[in-house]
Each structure stands twice: as C-alpha cells, then as structure tokens.
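Full structure from sequences and hints, please.
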Amino acid sequence: MSLVISQLINGLQSGSIYALVALGYSMVYGIIMLLNFAHGDIIMVGAYVAWLAMVHLALSPILAIILAIIACTLLGVIIEKVAYTPLRSSPRLSLLITAIGISFLLENLAQLIFKADAKRVPPLITGPSINIAGQYVDFTAIITIVVSVISMILLTFLVRKTKMGKAMRAVSEDMVTAQLMGINLNSTISFTFAVGSALAGIGSILYCCTYPQASPTMGSMLGLKAFVAAVLGGIGSLPGAMIGGFCIGLAEAFVSAVGLSVWKDGVVFAILIIVLIFKPTGILGKVINEKV
Amino acid sequence: MLKVENINVYYGSIHAIKGVSFDVNKGEIVTLIGANGAGKSTILNTVSGLLKSKTGSVTFLGNTISGIVPHKIVTRGLAQVPEGRRVFLNMTVEENLEMGAFTRKSSELRDSIDDVYERFPRLKERRKQIAGTLSGGEQQMLAMGRALMSKPELLMLDEPSMGLAPLLVEQIFDIIKELNALGTTILLVEQNAQMALSIADRGYVLETGRIVTSAKASDLLNNDAVKKAYLGG
Numbered sequence: 002m003s004l005v006i007s008q009l010i011n012g013l014q015s016g017s018i019y020a021l022v023a024l025g026y027s028m029v030y031g032i033i034m035l036l037n038f039a040h041g042d043i044i045m046v047g048a049y050v051a052w053l054a055m056v057h058l059a060l061s062p063i064l065a066i067i068l069a070i071i072a073c074t075l076l077g078v079i080i081e082k083v084a085y086t087p088l089r090s091s092p093r094l095s096l097l098i099t100a101i102g103i104s105f106l107l108e109n110l111a112q113l114i115f116k117a118d119a120k121r122v123p124p125l126i127t128g129p130s131i132n133i134a135g136q137y138v139d140f141t142a143i144i145t146i147v148v149s150v151i152s153m154i155l156l157t158f159l160v161r162k163t164k165m166g167k168a169m170r171a172v173s174e175d176m177v178t179a180q181l182m183g184i185n186l187n188s189t190i191s192f193t194f195a196v197g198s199a200l201a202g203i204g205s206i207l208y209c210c211t212y213p214q215a216s217p218t219m220g221s222m223l224g225l226k227a228f229v230a231a232v233l234g235g236i237g238s239l240p241g242a243m244i245g246g247f248c249i250g251l252a253e254a255f256v257s258a259v260g261l262s263v264w265k266d267g268v269v270f271a272i273l274i275i276v277l278i279f280k281p282t283g284i285l286g287k288v289i290n291e292k293v
Numbered sequence: 007m008l009k010v011e012n013i014n015v016y017y018g019s020i021h022a023i024k025g026v027s028f029d030v031n032k033g034e035i036v037t038l039i040g041a042n043g044a045g046k047s048t049i050l051n052t053v054s055g056l057l058k059s060k061t062g063s064v065t066f067l068g069n070t071i072s073g074i075v076p077h078k079i080v081t082r083g084l085a086q087v088p089e090g091r092r093v094f095l096n097m098t099v100e101e102n103l104e105m106g107a108f109t110r111k112s113s114e115l116r117d118s119i120d121d122v123y124e125r126f127p128r129l130k131e132r133r134k135q136i137a138g139t140l141s142g143g144e145q146q147m148l149a150m151g152r153a154l155m156s157k158p159e160l161l162m163l164d165e166p167s168m169g170l171a172p173l174l175v176e177q178i179f180d181i182i183k184e185l186n187a188l189g190t191t192i193l194l195v196e197q198n199a200q201m202a203l204s205i206a207d208r209g210y211v212l213e214t215g216r217i218v219t220s221a222k223a224s225d226l227l228n229n230d231a232v233k234k235a236y237l238g239g
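Chains A and B, in that order, give the protein sequences.
Quick note on the numbering used here: the first sequence kicks off at 2 and runs consecutively.
Quick note on the numbering used here: the second sequence kicks off at 7 and runs consecutively.
If you're looking for bench data, these hints aren't it; they were derived computationally from the structure.
Since no wrong hints were added, every one of them can be taken at face value.
Here are some, though not all, of the chain A residues that point toward chain B, as calculated from beta-carbon distances under 8 Å:
1. LYS167
2. ALA171
3. VAL177
4. THR178
5. GLN180
6. LEU181
7. GLY183
8. ILE184
Even glycine gets a Cβ: it sits at the ideal position worked out from N, Cα and C.
What follows is the structure in structure tokens.
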C-alpha cells in the first residue's frame, strides 16, 4: 500500500513538471505550428540562473526563483523575436530546423560558460515531510504538485476568460482573420511564448527542487519527455498537455515500481511510437482539415 | 471616403491586380463584380492591409492607409467580412463578437453586443454555442455581426452570398441595405452580380485583375456586355 502511494506521488510529481513543460510546447504549436525544440533548454537556463542567483549573488531562494522565472520568460520572447519572427512566412521545416539549432546553441553556450560538469543548486524550497495516510511524503513533492495545478488553473483562466487569452485562441485558429479583428499578431505570439516560457521557468524551479543540479544538457531529456506528453495529450490542446504530462509521469513511476527503472526512458518513447501509429492526434487532439 | 489608386498586387511572380483604381463615397453601396479569380478578394485584402501593393496608394477618410499593418487599419473604421465567413469555429458566438470589438474599450462591449443581437436575434439564441455548430447562414450573420462590433465607417463584404440558399441570400442582402440606410458605407464584392447590382449605387466590373467597366449599378444591370458575361444573358 505504502509503495503504491509513494509511487503515485512520484508519478504525479514528475508528471506535473512534464505537464508544465508540455503546455509550452502545445501553446507554441497551437499558435504558429512550430515544435519548439528549444523549449526544453529554457529549463536548463532557468536552473543556471537559480544557481547563479543563490551561489554567486547570494540572493534568497525566493528572489532566485523569481529571477529564474523572469529570465526564462524573457529568453522565450527573445528567441521568438530573433529566430522565429523573421521566418514567419517561411516553410515550417525551416522553423523546425531553426528551433533545433537554437537548442544546440543554448546547450553549447551553457557548456562554454559554465563548463560541462553539473553545478549543485542549493535547496530552493524546503519544508517538513507531510503525513498522508500514514505515509510520509516529501514536502517538495507536495509543493510541486500544488504549484503545478495552480499554474494550470491560472493558465486555463487566462486562455478562456481574458482578452489576451481569447486573442491567443483567435490567432491560433485563424491568423489572417484575427488580424482583421484588430488583433496585433506580433504581440499575441510574443505573449504566448512569454507564458509558455514562464511555465517552463516554474517547471525548472520545481525540477531543481528534486534534482538539485544544473547541467548543459539537463533540459533535453526533460524537454523530449514533455514533448511526448504533448503529443500523447494531443498537440495544440492545453487540457491534453496536462493529461499527457501526468500520464507520462505515472507511466514512469509504474515502470520503476515494478523494478524496471532502467526502462523508464524507453517506455516513454515507446508511448510516443504507439501514439503516432494508433492515434496520431493524441487523446484530445483534433483532426485539422487542410483548407483548399 | 475610400480611394484606391493604381494598385498593383503580385502573388510571387503572378501579377494579380493590374493598376486598379476606384473610389467609394460616404453613404454609398459600391460593388465589385467579376468572375472567380478576377481579383476581387485580393483587392479587399490589399485595402485591409493583409497584402501589399507595389505601386499606388489606398486612402481612407483622407489618410493614406497603404503600408499600415492590418490590426491598425481596423481602428481607422474599416472592417472586412472575409470570404467564406471565417468565423472562429472553436469559439462561442459571443466570443466571436468580442473578437470583433478587440480594438474597442471593454466598457463599450456590452452595448455593441446587444445591438448585434437586436439585429440578429438568431445569434442571441445561440450566444453560448460554439460557432462551428452554426449553419452557413448563421455563420454569415455572425461574421457580419462580428465586423459591426468595431463600429466601422466602411464595411467591406467578400462574397456574403457564397454557399447560401436563395432565401437566405435575400435576407443577408436586406440586412446590408438596412445597415447602409443607417449610415454604414458598404463595399460589396460579389460573384452574384444580379443581387449585388440590385442593391448597389455603383458598380465596377473586374476581369483578370483589371477594371473593365464602371457605371451606376442600374446602368450595369442593363449593359449588354455585363448581362451576357455575368447576368446569364
């Protein structure tokens, strides 16, 4: 019983981080049809910023957290402005290759600046273990799940109810007509990148709470798994990204629980292959009818 | 009100609009008629700022608007109902209307939405419904209501009759006449030349990117060449 609860908590914990990161993938895909493979590396940058802020600037954890999230948000917007905006009318493949290029650029820059060895990030969020049904659960696990769920609720409110959120939906559905409504395309797309990257920033902090180190390639595996989560949920769908994230987290926890933890990564990518073969639109994805 | 002078628009190497000039005066209904592919939508999209002309200029209410980004042109009082309606299918009827008022203050939103519901009672019944579930005629009404939400001085309609049953077409054209009577200037693009000319003050006939004839709508209805080409003899 206790094993079940602890693996369930583990699954929800990593799942909520995957979900936060997957949301960024899905939002960006929804609005400009780009699989932003640089998205995972934003997490890495967030981890380094938190490390710099605490170790070198001797800031408090809360300031380090805020700084890291702001840095991720700005980075996302800058990447969009510098690398993707000039390619808006180019073929989608050019955009995709650019995204992969940005990913390599960020990883190699990090390696150049911070060297290849991992840096230990001091504890960002600490607290006592919490007793759930006779089982002590790590404080960071609870915080991770709670913060993620709150972020998702806020995001859902933003997208469904606010003017900017509605503009995002309008642009993602029909970019040309959205402009005829008076919606500013550039600012709406930038805003989407900002929100997606802020979520990645939050994900980065939560990830560092469990795995407290920053390394140049830490974002690539996390980013890929979040991408699988987005595809599983149906890329472009925000509820889908959330469901997909939790599914991937729980699947990993289950695989570890039955003693096959070496197969953890393999199972995630097996899920990707299975989804792409049997239900390429994912759990909640829609079939897009190409207009002729 | 609107003055289009010598515009030339290209799609890559295809010369789609060849030196087109026309004007729309305040209070008029002006129609551009022509066959599929004559360049009617291209002209509207150039006026809206979605496409760029290599030459000439577009002037609206005395100000040059060529070269201005589309979302700013809307704020000048120019709205377009695009071809094929293009309502936001995954958003509700009311959200679609809100998008139409994107450039306006949110305090003015409620009144404008009520105005649109008064004109299109059907939309009020379906306000919470996803636009994708509406019929073609309802979607056309929604697209028009949405464009009216920006309180335009000039409303440009691109093929409002497309794909609609004759009875609905008449209903839509009656509404266009009413809107005009209430002070909205109309630029109407149509393949259904008969209908368009019957409500318009003036008309321009477009052929492969050029304006070949322009006259009072009543004269065009009786023009032999126009009759032969567009009015079925």
